[in-house]
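Just so you know, the sequences run in chain order F and B.
Okay, so the first sequence: first residue is 642 according to our numbering, each after it adds one.
Okay, so the second sequence: first residue is 14 according to our numbering, each after it adds one.
The hints are simulated quantities; they were obtained by calculation from the structure and are not laboratory data.
Please note that a few of the clues may not be correct.
As the list claims (entries may be wrong) - The following residues of chain B were derived to be distant from chain F, with all beta-carbon distances above 12 Å:
1) P15
2) T20
3) A23
4) D35
5) F65
6) L74
7) P75
8) N95
9) E106
10) M108
11) P115
As the list claims (entries may be wrong) - In silico BS3-like cross-links for lysine-lysine, where the CA-CA straight-line distance does not exceed 27 Å:
12) F:K703 with B:K103
13) F:K706 with F:K799
14) F:K999 with F:K706
15) F:K999 with B:K103
16) F:K829 with F:K883
17) B:K103 with F:K799
18) F:K735 with B:K103
19) F:K1020 with F:K999
20) F:K1022 with F:K703
21) F:K799 with F:K703
22) F:K706 with B:K103
23) F:K1054 with F:K999
For every residue, glycine included, the Cβ atom is placed at its ideal position computed from N, Cα and C.
As a plain string of letters, each chain reads:
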Amino acid sequence: MSTPTTERAETGLLIIGASQAGVQLAVSLRGTGFDEHITLLGEEDHRPYQRPALSKEFLQDKVDKENLIFRSQEYWDEHDIELVKGARIERIEKNAPGGDADGSPDGSGVAIATDGTRYPFRRLALAVGARARRLQIEGAELDGVVYLRSADDALDLKARLGDVQDAVVVGGGFIGLEAACSLHGMGKNVAVMEYGPRLVGRAVGEDTSEYFLQAHRGRGIDIRLGARMKRFVEGTGERAGKVAGVELEDGTVVDAQLVLVGIGVVPNTELAEQMGLAVDNGIVVDRHAVASDGTTVAVGDVANMPNPLPGAPEGERIRLESVNNAIEHAKIAAYSLTGRQEEYAGIPWFWSNQADLKLQIAGLTLGYDSTVVRRDDAKGKFSVLYYREGQVIAADCVNAPLDFMAVRNALGKGQNIPAEAAADPAAPLKSLVVDRHVQEVSA
Amino acid sequence: MPTIHYTDAAGSTIDINANVGDSVMETAVRNGVPGIVAECGGSLSCATCHVFVREDEVDQLPEMSEMEDEMLYGTTEDRRDNSRLSCQIKVTEGMDLHVTTPETQV
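Produce the complete structure using the sequences and hints provided.
Here you go:
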């Protein structure tokens, strides 16, 4: 029964997931003086690359694959970081407690790939990310029903577009709307099916949702809120086996030679579960990105961490899906692996580019109790500031980088932008910033 | 081949041979030049690829867009007259550009 196996030389740190977080962890470790060999292993057959453009510039052929590559091969070679592509780890065996004086596990072990290759490591990092959530519906298996998470997904999608005149996007979140705008910009008829009552409901407030709804309808995208789909309809004749449309519960059918599903992601926690790590909507980690075994670090989209915002309620946890978090969280983990306990730095921020709308979000809206809308239609600028008990905690800014930067900087310095003053769209937010304690005294 | 000279805040310089069409930011990041973060990968969203262009070379570059101009007001180290976001500077044939990176980007 046994198959011949290959045993690799032991690595100082095995990073599973050649993702934004995995790449940043390797890069940051070299900046913090970690001098052991690093293996950066990913399951895709590509050099480590950046995902954000897949739904935008890459899909529209405005950049090519080479532009998405994180680092040149020379960089990896010079920094003693070994890349392993196309390898999927299916099992981790941690070594039993051994040499340490107190008998605690030292974090070493071996990772076993699906092809039998064994990767022994002294320390392990999980940067395994998340995968696209699959839609359960009749017809979901038809050809032409696609997802968009990886470069291969994007390449497959691009290869199909020549035969597509009508596309349906399922899900009115960031990925769905970015892709919808890309497809619409390429001349396709695009309909968006959003189950919920508004767009991007998970990430922005109602005012911003409404702004995007009007803008995208205005450009000719058919957006259906509260959409109830019954099934994906199969084509006939030459199109047998291929999707031809989406049937709604009221019986109407929307034509589609392509259905792109963007309904969120599921964290890849299988390896952590197999290792016996605590898992709860992601891999549970402490403030320093360390998982429940005390030695494995987990970073990025897959990690469920204490809310890093200053002043967040004790015990509140969050899993952030963003480039910014992948970077900042990986830095924390790099410090942990070199024996330093550092706090999460900076204010979480997000961006989404949808046709001519450039959305930048600073902070987290969790727990807001009021908002201020700043709108200048002549200049095409729109911002919403979110407040909790009079303190600004976040902002959605559309084509308004000055507002975004002002809020992000104020949050980073623990300052406030009083709501009354912020309501005047002509007043630059930067000029309204006050120290938090001054605000409390004057209130 | 076009060459970009990156000088850090402490004064040490790295010279990189660049590809035409890449941005000055991409050239730096791919080769591991410290001092340029570029969180957003060049989509003009983060202002963490701020550089100071050598004064006599500023006018040789195409003018900046309004969006870049606004983003530059949010950089961590205050902007100067020769500030640019390096993701917006495309490498051109025969380019020989000198930029200095700020002490901090975030």
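Hint check results:
1. P15: holds (16 Å)
2. T20: Holds: least Cβ distance 19 Å, greater than 12 Å.
3. A23: The claim stands: A23 of chain B keeps its Cβ more than 12 Å from every Cβ of chain F (closest is about 15 Å).
4. D35: violated (7 Å)
5. F65: About 18 Å separates F65 of chain B from the closest Cβ of chain F, which puts it past 12 Å; holds.
6. L74: holds (20 Å)
7. P75: It holds; P75 of chain B is separated from chain F by about 18 Å at its closest Cβ, greater than 12 Å.
8. N95: The assertion about N95 of chain B holds, with a minimum of 20 Å to chain F.
9. E106: holds (18 Å)
10. M108: holds (18 Å)
11. P115: holds (15 Å)
12. F:K703 with B:K103: Holds, at roughly 14 Å.
13. F:K706 with F:K799: The given pair, whose Cα atoms are some 12 Å apart, holds under the 27 Å limit.
14. F:K999 with F:K706: holds (23 Å)
15. F:K999 with B:K103: holds (21 Å)
16. F:K829 with F:K883: holds (18 Å)
17. B:K103 with F:K799: Roughly 26 Å between the alpha carbons, so the hint for K103 of chain B and K799 of chain F holds.
18. F:K735 with B:K103: Given that 27 Å is the threshold and the Cα spacing comes to 48 Å, the pair is violated.
19. F:K1020 with F:K999: holds (13 Å)
20. F:K1022 with F:K703: holds (25 Å)
21. F:K799 with F:K703: Judged against 27 Å, a Cα distance of about 12 Å means the pair holds.
22. F:K706 with B:K103: holds (17 Å)
23. F:K1054 with F:K999: holds (25 Å)
Violation of the numbered hints given earlier is confined to hints 4, 18; the remaining hints are satisfied by the structure.
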